[in-house]
Amino acid sequence: MSRINFLLLLAVLLSGLYMVRNAYEARRLFTELDRAQTEARRLDADYQRLQAERHAQATNLRVEQVARERLRMRAITPAITQPVDVAAPHAAGAQP
Amino acid sequence: MKPRQSAARSLNTRSVSYSTSPLLASKTPPWRSRFLVALVGLAFAGLLARAAYIQVIGEEFFQRQGEARYAHTVELPASRGRINDRSGQVLASSVAVPSIWAFPKEVDTDPAKRRELAKILGISQQQLEKQLDPATRFVFLRRQADDDTAARIKALNLKGVFQDREYKRQYPEGEAAAHVVGFTNLEEKGQEGIELAFQKDLQGRDGSRAVVRDRLGRVVEDMGERVPPANGRDIDLSIDAKVQFFAYQRVRDAVAEHKAKAGSVVVLDVQTGEVLALANFPSYNPGERKNLSGEQLRNRALTDVFEPGSTMKPLVMALALETGRVTPQTPIDTAPGRMTVTGSVITDAHPHGVLTAAEVIQKSSNVGITKLALQMQAREMHEMFTAIGLGQRPQINFPGTVTGKLRPYKSWRPIEQATMSYGYGLSASLLQLARAYTVFARDGEVIPISMMHQTAKEPVHGIRVFSEKTAAQVREMLQMAAGPGGTAPQAMVSGYSVGGKSGTAHKQEGKSYAGHKYRSWFVGIAPISKPRIVVAVMVDEPSNGVYYGGAVAGPVFSQVVAQSLRLLGVPPDLEVKPQIVASGKLQAVEESF
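Those protein sequence lines, which keep their order, are chains G and V. Heads up: the first sequence is residues 0 to 95, going by numbering that gives the first Met the number 0. Heads up: the second sequence is residues 0 to 592, going by numbering that gives the first Met the number 0.
Since the hints were derived computationally from the structure, they do not count as laboratory data. Any given hint could be a false lead.
As the list claims (entries may be wrong) - Which residues of chain G face chain V? A partial, calculated answer using Cβ under 7 angstroms:
1. S14
2. D33
3. A35
4. T37
5. A51
6. H54
7. T58
8. N59
9. A78
Said to hold, decoys possible - Far from chain V by the CB rule (all over 10 angstroms, computed), these chain G residues:
10. M0
11. R20
12. E24
13. R26
14. E38
15. Q47
16. L60
17. L70
18. I75
19. T80
We put the beta carbon where it would ideally sit given N, CA and C, even for glycine.
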């Protein structure tokens, strides 16, 4: 009788300890996950910011300035353009 | 009792008997034990009642109080949607930027550190002290700071000063697209333009999650459900950023060249009814929100109405052709360049003698068009004006659009009917006028216009106002007007055939017309052989000597058309002699207004 009791007590103790460990582990993993998610959000925000910065570098105003001043380009006119008839259907905007 | 106790003591002085205590033997009255039992019982009953109260009756309250001590709701901010142009180029987007705030009571009082903080913030120390008044609980030191400032303040490591990420709106195209895109306030709420019109779609919905925090404020567990944030929807506009930018530049240059007050350009795609560009000058930088005045903020192309002047003539001519009153070859005697209608005199800038109907448009003769208008019934004209959208709010999702003025035809007097034929006595916005001209570009149909990118590839259908034949005849007249011998040869484009009508209107001031204040117009179609775009230009008060619509607005039209058609990939329909531009050598005929 007392042996069964002893075994049960041991089982209870072990399961209790196991539960404590599990709870601890769960919280630890959760914090880790949460931290990773925060990091993901931060990186996402960074990505957005960098994208916006890239757009700011490629505005029409800047493109025109660089083309004109640094690359010494000039706007094309029909006088120096040879239109090409593109038959391919995927060529959007090119009408024969 | 006393005598018995003393007797016992004397009896046990030598041998103490522990097994029998006289105390135990003492007889206690039974009420004492009962009293105690009752007392303990009562205490238990009290505990039971309290437990019942906490767990059954007041459960909700205690549950809530308990939760409040460990559970927190964390807000998950949704990001505002982007505004893109038709090719996906970003016109407005939100980025997270640092905002710096403080609890004034907790801020380090070390004067050296505070001086450093003031220096980084770029304010005087007195100003900083004023901001850090200990009576206030919370203060923003700098909202939407740049990354450099934020990093330096972080390096300062000052107690009581914190940083947070807030969203800020960025407008890469700046002032070129300002009037279309609009702007938001600090709380990211749309204030103008598309930002205001699509506030609901753009803003999204914040999410939230309930969490358990530990002693150090770290999140240790999720509890309950989590509402994910719904980010705002992206808006794809019909605007083409390149056309928009170019149009803005050209109107800005024209305003500067002619010392004008303002100018606007509208470019419409006549196949889909999309607005490709809508530019105004003066403009503003939507990211700055500083020193904004109504002059800069007004989206003139949509919110201002003017008398359209001679740009009305082709519409009246179309009605005359449609009803069979004239053919393009019908001679009309405009000599001697003036006529009287019920006591008022209508004049031409130059007397032209006998003109054909087509030449009336080409030379822009007031007398000629008046003679046609006076043959018509007021109702006919009113119906035509209404059909092409005058006096009606444009069906376009944009704040501030106006209807313009078109009086009911029953109150028209003959002189008013005459002046309306050359664009006085009624008013329209530039956008309305541009839309009206789609009737010629689309073979007699006036089409609905849109600021949204249309994904359907087939052309939109409109409402038929004129027959195809009439539209083709008027297009021919418009081509003559924008060519040699017309009022606006400066509108010609190398490589493309164009047609259009210039207008020069006296500005109304109070009850009469101002002597030397004009408004110059040009509305045209290109390429005229197979119309693709309608471009409308308006320059307000050119005051550098030149004020005719053909000379002021015509060149803007020409440049915008050349660039737009090239960007749209429309092949030139005219033979081009390499490197020769003819428009400069031709002499303009002065139009009547």
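Results for each hint:
1. Because the beta carbon of S14(G) sits about 21 angstroms from the nearest beta carbon in chain V, more than 7 angstroms, this interface hint is broken.
2. Because the closest C-beta pair between D33(G) and chain V is about 5 angstroms apart, less than 7 angstroms, the hint holds.
3. A distance limit of 7 angstroms between C-beta atoms decides the matter here; for A35(G) the minimum to chain V is near 12 angstroms, and the interface restraint is violated.
4. Interface restraint check for T37(G): the shortest CB-CB distance to chain V comes to about 9 angstroms, outside 7 angstroms, so the restraint is violated.
5. Proximity of A51(G) to chain V holds as hinted, the smallest CB-CB distance being about 5 angstroms (cut-off 7 angstroms).
6. With its C-beta approaching chain V no nearer than about 4 angstroms, H54(G) sits inside the 7 angstroms limit, and its interface hint holds.
7. The beta carbon of T58(G) comes within 5 angstroms of a beta carbon in chain V, closer than 7 angstroms, and the hint placing it at the interface holds.
8. Interface hint status for N59(G): upheld, as the beta-carbon distance to the closest one in chain V is roughly 4 angstroms, under 7 angstroms.
9. With a least beta-carbon distance of about 5 angstroms to chain V, the hint placing A78(G) at the interface is held under the 7 angstroms criterion.
10. Here M0(G) stays apart from chain V, with its beta-carbon at least about 33 angstroms from theirs, past the 10 angstroms limit.
11. Once the 10 angstroms rule is applied to beta carbons, R20(G) is consistent with being away from chain V; the minimum gap is 16 angstroms.
12. The Cβ of E24(G) sits about 12 angstroms from the closest Cβ of chain V, beyond the 10 angstroms cut-off, so the non-interface label holds.
13. The claim that R26(G) is not at the interface with chain V is violated, since a C-beta of that chain comes within 10 angstroms of its own (minimum 5 angstroms).
14. Non-interface call for E38(G) relative to chain V: holds, since the shortest CB-CB distance, roughly 13 angstroms, exceeds 10 angstroms.
15. Residue placement check: Q47(G) does not keep its beta carbon more than 10 angstroms from all beta carbons of chain V (closest about 5 angstroms).
16. For L60(G), the requirement that its beta carbon stay farther than 10 angstroms from each beta carbon of chain V is not met, with the minimum near 7 angstroms.
17. Even its closest Cβ contact with chain V, about 17 angstroms, leaves L70(G) beyond 10 angstroms, as expected for a residue assigned away from the interface.
18. Its closest Cβ contact with chain V, about 7 angstroms, brings I75(G) to no more than 10 angstroms, contrary to its assignment away from the interface.
19. With 10 angstroms as the threshold on Cβ separation, the claim that T80(G) sits away from chain V is violated: the shortest Cβ distance comes to roughly 7 angstroms.
Hint compliance for this structure: hints 1, 3, 4, 13, 15, 16, 18 and 19 are not met, and every other hint is.
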